[in-house]
Amino acid sequence: MTDQTVEASPLTAEAIESALTAYLTEKTRTTTEIKPDEDVFASGLVTSMFAMQLVVHLESTYDIAIIGPELKLDNFRTARVMAALVLRLSADGTAADA
Amino acid sequence: MSTDPRDHRLAVVGGGVMGTNIAVLAIGHGVPVVLVDVSEEVLARAEETIAFKLRHAQLLGKLPAGRTAAKLVTSVSLVDAADATTVIEAVTEIPETKAKVLGEVSRLVRPGTLLISNTSCIPIDEMASATARPEELVGVHFMNPAYMISMVEVIRGPRTGDATMTAVTDLLETLGRNGLVVNDAPGFVINQVLHPLINSAARLVQDGVAPVEVVDGLLEGCLGHATGPLRTADLIGLDNLVDSLNVLYERTGDASCRPCDLLLDLVRAGKFGRKTGEGFYDYEKVAS
Numbered sequence: 000m001t002d003q004t005v006e007a008s009p010l011t012a013e014a015i016e017s018a019l020t021a022y023l024t025e026k027t028r029t030t031t032e033i034k035p036d037e038d039v040f041a042s043g044l045v046t047s048m049f050a051m052q053l054v055v056h057l058e059s060t061y062d063i064a065i066i067g068p069e070l071k072l073d074n075f076r077t078a079r080v081m082a083a084l085v086l087r088l089s090a091d092g093t094a095a096d097a
Numbered sequence: 000m001s002t003d004p005r006d007h008r009l010a011v012v013g014g015g016v017m018g019t020n021i022a023v024l025a026i027g028h029g030v031p032v033v034l035v036d037v038s039e040e041v042l043a044r045a046e047e048t049i050a051f052k053l054r055h056a057q058l059l060g061k062l063p064a065g066r067t068a069a070k071l072v073t074s075v076s077l078v079d080a081a082d083a084t085t086v087i088e089a090v091t092e093i094p095e096t097k098a099k100v101l102g103e104v105s106r107l108v109r110p111g112t113l114l115i116s117n118t119s120c121i122p123i124d125e126m127a128s129a130t131a132r133p134e135e136l137v138g139v140h141f142m143n144p145a146y147m148i149s150m151v152e153v154i155r156g157p158r159t160g161d162a163t164m165t166a167v168t169d170l171l172e173t174l175g176r177n178g179l180v181v182n183d184a185p186g187f188v189i190n191q192v193l194h195p196l197i198n199s200a201a202r203l204v205q206d207g208v209a210p211v212e213v214v215d216g217l218l219e220g221c222l223g224h225a226t227g228p229l230r231t232a233d234l235i236g237l238d239n240l241v242d243s244l245n246v247l248y249e250r251t252g253d254a255s256c257r258p259c260d261l262l263l264d265l266v267r268a269g270k271f272g273r274k275t276g277e278g279f280y281d282y283e284k285v286a287s
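Chains as they are written, first to last, in numbering that gives the first Met the number 0: chain A, 0 to 97; chain X, 0 to 287.
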């Protein structure tokens with residue numbers, strides 16, 4: 000039931016931000032939760048190698064394809080920026096079932 | 000040769016970590032690549048890896064703007080390297096294997112084809128003896144990932160010709176790399192310094208002097224190393240590192256190059272570093 004409720008919910012920036020901050024906090028194993036506007040690359044919490052994990056995570060979780068000029072590091076620096084990217088690509092119809 | 004990517008056709012022999020890295024670098028700079036390996040399975044994996052790494056390179060802004068990515072072709076036959084303007088050998092760091100590949104391919108390509116070994120440690124002149132034209136062989140030690148690190152170590156063997164040095168300079172410019180030229184020696188400059196350092200760092204962990212994170216933390220924090228020696232080892236690949244240390248130890252007699260037990264144990268356990276998901280660090284669990 001819970002999964003159905005989540006699937007039925009519209010994508011909002013807040014919901015994506017929240018999911019991404021939780022994901023980043025878990026992956027970086029930090030003791031304090033990562034903030035939505037925290038630059039995870041500038042803070043040294045992750046390396047550039049992790050950037051591709053973020054790309055794959057967003058593509059598989061939100062069913063989007065991140066290609067062309069959207070595939071740049073600046074789109075993955077913070078949970079807030081990533082949430083905007085997901086919404087932008089979903090709204091563009093890039094998401095297969097959006 | 001020229002610095003126009005359309006004038007270059009690259010053959011890369013070996014579909015492992017460095018072969019795929021070099022292929023990404025070339026394709027991303029508009030130079031078409033024929034990737035040759037003895038295994039169809041390795042080539043299938045390599046194609047996926049190359050597609051992934053091309054995206055990584057683009058993500059990090061490491062590819063030149065306005066240059067269309069070139070085509071990748073894979074093959075299990077060395078004959079398909081015959082039409083290349085440059086052949087880069089990136090097979091296992093075992094002298095006999097490298098000499099065999101270089102010898103065979105040098106007899107397939109036209110005279111004047113640039114022949115490059117991406118060896119970590121084996122003296123260029125040792126391998127030159129196996130080739131049809133020793134003056135056409137030069138060493139280029141690409142770093143890992145090759146598409147992210149613009150500096151490369153160029154090794155001029157005692158028999159490497161002037162025309163070969165001009166050709167390799169043009170190729171590296173086409174690929175956006177800067178080369179520093181050194182003379183031939185086991186391990187050249189980088190690995191005669193780096194590999195004993197990594198081996199010593201591993202031995203300190205083995206002897207219980209400090210854990211992995213502390214050894215790396217000290218060299219990063221106190222000496223300003225961007226990446227500690229043990230994380231660097233994981234990036235190189237511990238299997239390759241042990242092969243290279245053996246090459247160095249056999250040729251220099253330097254005891255600091257004899258692979259320590261901890262390194263050998265990790266390799267025996269199949270923990271080769273990043274490429275297997277675990278080495279000194281466990282990459283399945285952390286964002287790195």
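Simulated from the structure, these hints should not be mistaken for lab results. Quick caveat: nothing in here was measured; it's all calculated off a predicted structure. Take these hints with a grain of salt, some might be off.
[Unchecked claim] Derived list of chain A stretches under chain X, where covered just means 3 residues or more per stretch with a C-beta under 8 Å from a C-beta of chain X:
1) 49 to 61
2) 67 to 74
[What the hints assert, rightly or not] Keeping only pairs whose Cα atoms sit at most 27 Å apart, straight-line, the calculated DSS-like set for lysine-lysine is:
3) K26/A / K274/X
4) K26/A / K270/X
5) K26/A / K71/A
6) K99/X / K26/A
7) K274/X / K61/X
Think of the CB as a built atom: it goes at the ideal place given N, C-alpha and C, for glycine as much as any other residue.
Each hint, compared with the structure:
1. Given a C-beta distance limit of less than 8 Å, the hint that chain X covers the stretch 49 to 61 of chain A holds, as 5 residues qualify and 3 suffice.
2. Restraint check on the stretch 67 to 74 of chain A versus chain X: 3 residues with Cβ-Cβ distances below 8 Å, three needed, restraint holds.
3. Among the hinted pairs, K26/A with K274/X is consistent with the structure: their alpha-carbon atoms are about 19 Å apart, no more than 27 Å.
4. At roughly 21 Å between alpha-carbon atoms, K26/A and K270/X fall within 27 Å of each other, so this suggested pair holds.
5. For the given pair, K26/A sits about 21 Å from K71/A by alpha-carbon distance, which is consistent with the 27 Å threshold.
6. Between K99/X and K26/A the CA atoms are separated by roughly 44 Å; this puts the pair beyond 27 Å, and the hint is violated.
7. With a C-alpha separation of about 21 Å, the suggested pair K274/X and K61/X falls inside the 27 Å cut-off, and the hint holds.
Checked against the numbered hints listed earlier, the structure breaks hint 6 alone; every other hint is satisfied.
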